[in-house]
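Peer 1: Here are the chains, one letter per residue:
There are 2 protein chains.
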Amino acid sequence: MALVVQKYGGTSVGDADRIRAVADHVSRTLDDGNEVVVVVSAMGKFTDDLMRLADDVSPMRPPRELDMLLTAGERISMALVCMALAARGVESASFTGSQAGIITDTDHTRAKILEIRPDRIREALDSGLVPVVAGFQGVSTDKDVTTLGRGGSDVTAVALAAALKADVCEIYTDVTGVFTADPRVVPRARRIAKVSFDEMMEISATGGRVLMLRSVELARRHGVPLHVRSSFTWEPGTWIVEEDPTMEEAVVSAITDDTSEAKITVGGVPDRPGVAARLFRELANRGINVDMIVQNTGANGMTDISFTVAKTDLDVSRDTCNQIKGDIGAADVTTDDNIGRVSIVGAGMKTSPGVTALMFETLYKHGINIEMISTSSIRISCVLRADRVADAVRYLHTAFGLDAIEF
Amino acid sequence: MALVVQKYGGTSVGDADRIRAVADHVSRTLDDGNEVVVVVSAMGKFTDDLMRLADDVSPMRPPRELDMLLTAGERISMALVCMALAARGVESASFTGSQAGIITDTDHTRAKILEIRPDRIREALDSGLVPVVAGFQGVSTDKDVTTLGRGGSDVTAVALAAALKADVCEIYTDVTGVFTADPRVVPRARRIAKVSFDEMMEISATGGRVLMLRSVELARRHGVPLHVRSSFTWEPGTWIVEEDPTMEEAVVSAITDDTSEAKITVGGVPDRPGVAARLFRELANRGINVDMIVQNTGANGMTDISFTVAKTDLDVSRDTCNQIKGDIGAADVTTDDNIGRVSIVGAGMKTSPGVTALMFETLYKHGINIEMISTSSIRISCVLRADRVADAVRYLHTAFGLDAIEF
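Order-wise, the sequence lines are chains D and G. If you count by my numbering, then the first sequence holds residues 827 to 1233, one letter each, in order. If you count by my numbering, then the second sequence holds residues 827 to 1233, one letter each, in order.
If we strip away everything but chain D, and leave its shape as in the complex, we get:
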C-alpha cells in the first residue's frame, strides 16, 4: 500500500465537472490499494477575481488581510471536493492550512513553512478518511492566516508528502508533463518520462513553467519523488526523482526559454576590489534578485558589469545603480529590456565536452548573436535578442536530437 499525495491545480478543479472528475480519480487511486491525501488550489480564476474585488474596494491592501481574503478560494474547492467524494461513497475530511498543521513564519503573502505538524492528517488517514487539504495557506507563529506566495499549493503538497513520508507527490495540472521545450514554441517537443531533481531545478530556474523552482528544491531536499501529470487525460506524465547511478543520462534533456528578464549594464567602472560587492549589496538590500552576472575587464583597467533582473524590478534596479554610480566611479548605467535567455539543460553534459561548442555553433550558423553566457555543471544559458529566442529554441531542439519523430 502506497501513500500518495495528489495536488490538483486551479484548472483541475475549475468547475463542477472537473471536481467530479477529480473525485473519480481519487476513488480509482484508492481502489488500486493506495492511501491518498489531496491538496487543492482555488477554482480556476477565483483568486484573480478576489484580487479584482480588492482593487475595487481599496487602494490599500494590508498583507494580513490580503492573506485572509485569498485563502477563501481553497476552502471552497476543498469542501466541494469532499462533497463529490461523498457522492462516490468515499469518506473524506477537509483541512485548512492551520488544521493541517502547516506552521509558517509571519511574512504575509509569501510566508515560508517552518514546520508541519500533520497530527490531524495522520489521524484522518488512520481512521480511513481521505484528508483534503487547502493548498497555498498556513498559520503563522502569531496564529494569523498566511499564504505561501506563487506556486504555494505545490509547496504545500511537497511539504506534506515529506512530513507524511509519502511514496510519491503527484502534481496534477493541465499539461501532460515536463517537455523537452515549450510545445507552443517547438511543436515537435516531447514529454520527458523521467528527469533528475538537479535537471528539473535547472529547467524550472531557466523558464520551465510547469513547476516552480521552490517546490522542486523542497522535493529534492526531502527525497520526495514528484510525478507531474494531467488531470484531463490522467495518463502517466513526468517523474522527477533522485539521480540513479544506473540511469542513462541524456546529454541534453530540455531547452528552456525565458523573456521575463531585462539587462542592466553599469559601464566604465574602475576595476578595483569591492565595487561589485557594493553594487550587489545595494540591490539585495532592496529585495532584488539578480540572475546572470557578467563582468569583463578591458585593457584600460576599466570594466563593464552586466546583470539581469526580472523586468518588474527594472525601474528600482536602474534607480539604485544611478544612486551609487558616483560612489563606485561608474561612467554610465544602461538598460535593455529587449533580451531573452535560452538554456540547455542535461545531466549528461558533465561528461560530454562538445555540448558548449555545439550550442554556440548552432546559434552562429543561424546568425543569432550571443550577448551574455552563464553556465552550471548541467546547464548553459545564453542571452540573445528577444525576437530570436523562439528560433534559437527550435534550432537547438533539433541540433540536440530532441525532436519527436513525425509520422
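By construction, these hints were calculated from the structure, which means they are not laboratory data. Accuracy of the hints is not assured; some may be wrong.
Identical chains share a label here; the pair holds if one copy fits it or two copies do between them.
In silico lysine to any residue, SDA-like type, Cα no more than 25 Å apart, as pairs [as the list claims (entries may be wrong)]:
| no. | residue 1 | residue 2 |
| --- | --- | --- |
| 1 | Lys871 | Glu917 |
| 2 | Lys991 | Phe1106 |
| 3 | Lys969 | Glu861 |
| 4 | Lys991 | Ala1103 |
| 5 | Lys969 | Glu917 |
| 6 | Lys1191 | Val1159 |
| 7 | Lys969 | Ser953 |
| 8 | Lys871 | Gly840 |
| 9 | Lys969 | Gly954 |
| 10 | Lys871 | Asp881 |
| 11 | Lys1191 | Glu1061 |
| 12 | Lys991 | Ile1194 |
| 13 | Lys938 | Gly1094 |
The structure displayed is predicted, hence computed values, not measured ones.
Here the structure of chain D is known, so what remains is to put chain G in place on it, guided by the hints.
Peer 2: Frame of chain D, contents of chain G only:
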C-alpha cells in the same frame, strides 16, 4: 467612551461601494469617541451562490464540509472591510470565528455557541485596532469549523457584545428599523423608536422579519441593548432594551403576520390522559417544532387536537400522525396549508383588559373568521384563512391607532 458592536448584513456589504460606505461609518463612529467591533455577513447572495455550486457538484453534502464551504463568504467580506478601513487610515484586523474565540458545539450547520473567549478581540481593541469578525461561524470543541444556522451573524454580534460587555449592539440592515406592521402590507406602518425585549421576542416569534427570535433572546438574557438600523440611510432606527418602569407602555406596539405555517387536526380522539403527550412526543422525536396547539373536548368524550407546524414540516407531521392514529384511537387526520396567523403584541396589554375584545370585534366587523386563538401575557394570535391575513393586519393596525398620520 462607549464600546459599540456593529453588525453588517449581506446587503450592507453587498458590493465595493457598500463596503466603502461601511468603512466610512465605522470611521465616523470612532471619530465620535467610541470603540468599535465590526461583525460582517457574506456579501449579498454569495452564500446562495456557494450553495448552488454545491448542488452542481454533488447530491451529498456532509454537514462538516458544508460549513467549511459556507464560511468562505465572511472571510472575503471581512478582509475587504479591513482594506477599506485601511484606505481611511483606520487600523483594523480581521478575525475568523475561531480566531475570535467563538466556541460552539459540534452540531454542524446549526451549532450553538458554548463559550466566547474574546482574548484576541480584547487585545486588538487595547492596541487601538478595530476588530472585524466573521459572523455566522465558530469553531467546535472538536476544532472543526461550524456555522450557527439562520440569523447566525446576528447571534455572533450579540454574543460578542455580551462577552465584551459592549454598550450597544447595532444591527445594520436594509430597513430602517422595526415597524408597527410589515410596510409592504400596511403602507401607513410606522417605525417603532423603542421596544422592550419581551415585546420584540413576541414580534420575532410571530412574523417580524427584521430580527430572529434567537438573537433577541440572547440579547435579553445578557442585557445587551440592540439598535436595529439602516446602512443605507444611517438614521437612528429601533432600540430594543430592558423594560423600564418609567416607560409608557404602548397597549399594542405591533401587528405581525405569518403565512409560513400549516394546520393539522387529529380528529375524534378519545379524551383520556396521555393522548396529547404521545402525539407531541412522536413529533418532537422527529425534530418537528409545533407552534400553536388548540384542544376542545366535546360533550361525547371525544376531542379534536389542532396544531400548527412550519409548512416545510407538514408532510412528515402528517405521516407521523397517521402512523400513531391507531395507537391513540383517533378517527382521522386532516391538514390545511391555506392558513395564516395575525398577532398583536404590546406590553401594555397586561393592564388593558379591552384589547382582546377589540381585536375580535375588529375581525368580526370585517367578516373575518377566527379558526384558532392563542395568547401570552403580551400577545394575542389568531389563525385565519390565508387570503384574509393582509386585510386583518390593516384593519387591526387602524383599530389600535398605529397608522401614521398622512400629510
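Peer 1: Does each hint hold? Answer for all of them.
Peer 2: Structure-based check of each hint:
1. Taking CA atoms no more than 25 Å apart as the test, Lys871 paired with Glu917 passes in neither setting, with 28 Å inside one copy and 30 Å between copies.
2. With identical chains, the CA atoms of Lys991 and Phe1106 are never at most 25 Å apart, being 39 Å at best within one copy and 56 Å at best between copies.
3. For a Cα distance limit of 25 Å, the shortest separation of Lys969 from Glu861 across copies, 24 Å, qualifies, whereas the shortest one inside one copy, 30 Å, does not.
4. For the homomeric pair Lys991 and Ala1103, neither the shortest alpha-carbon distance inside one copy (42 Å) nor that between copies (59 Å) is at most 25 Å.
5. In this homomeric assembly, Lys969 and Glu917 come within 25 Å of each other (Cα to Cα) only across copies, at 19 Å, whereas the closest approach inside a single copy is 29 Å.
6. In this homomeric assembly, Lys1191 and Val1159 never come within 25 Å of each other (Cα to Cα): the closest approach is 32 Å inside a single copy and 96 Å across copies.
7. Taking CA atoms no more than 25 Å apart as the test, Lys969 paired with Ser953 passes between copies only; the shortest distance there is 17 Å, against 28 Å inside one copy.
8. In this assembly of identical chains, Lys871 and Gly840 lie within 25 Å of each other by CA distance both inside one copy and across copies; the values are 8 Å within and 21 Å between.
9. Proximity of Lys969 to Gly954 under the C-alpha cut-off of 25 Å is restricted to the inter-copy arrangement: shortest distance 19 Å between copies versus 29 Å within a copy.
10. In this assembly of identical chains, the alpha carbons of Lys871 and Asp881 lie at most 25 Å apart whether taken from the same copy (15 Å) or from different copies (20 Å).
11. With identical chains, the CA atoms of Lys1191 and Glu1061 are never at most 25 Å apart, being 39 Å at best within one copy and 79 Å at best between copies.
12. Neither within a single protomer nor between protomers do Lys991 and Ile1194 lie at most 25 Å apart by alpha-carbon distance, with minima of 48 Å and 75 Å respectively.
13. Proximity of Lys938 to Gly1094 under the C-alpha cut-off of 25 Å is found in neither arrangement, the shortest distances being 40 Å within a copy and 73 Å between copies.
Checked against the numbered hints above, the structure violates hints 1, 2, 4, 6, 11, 12 and 13; every other hint is satisfied.
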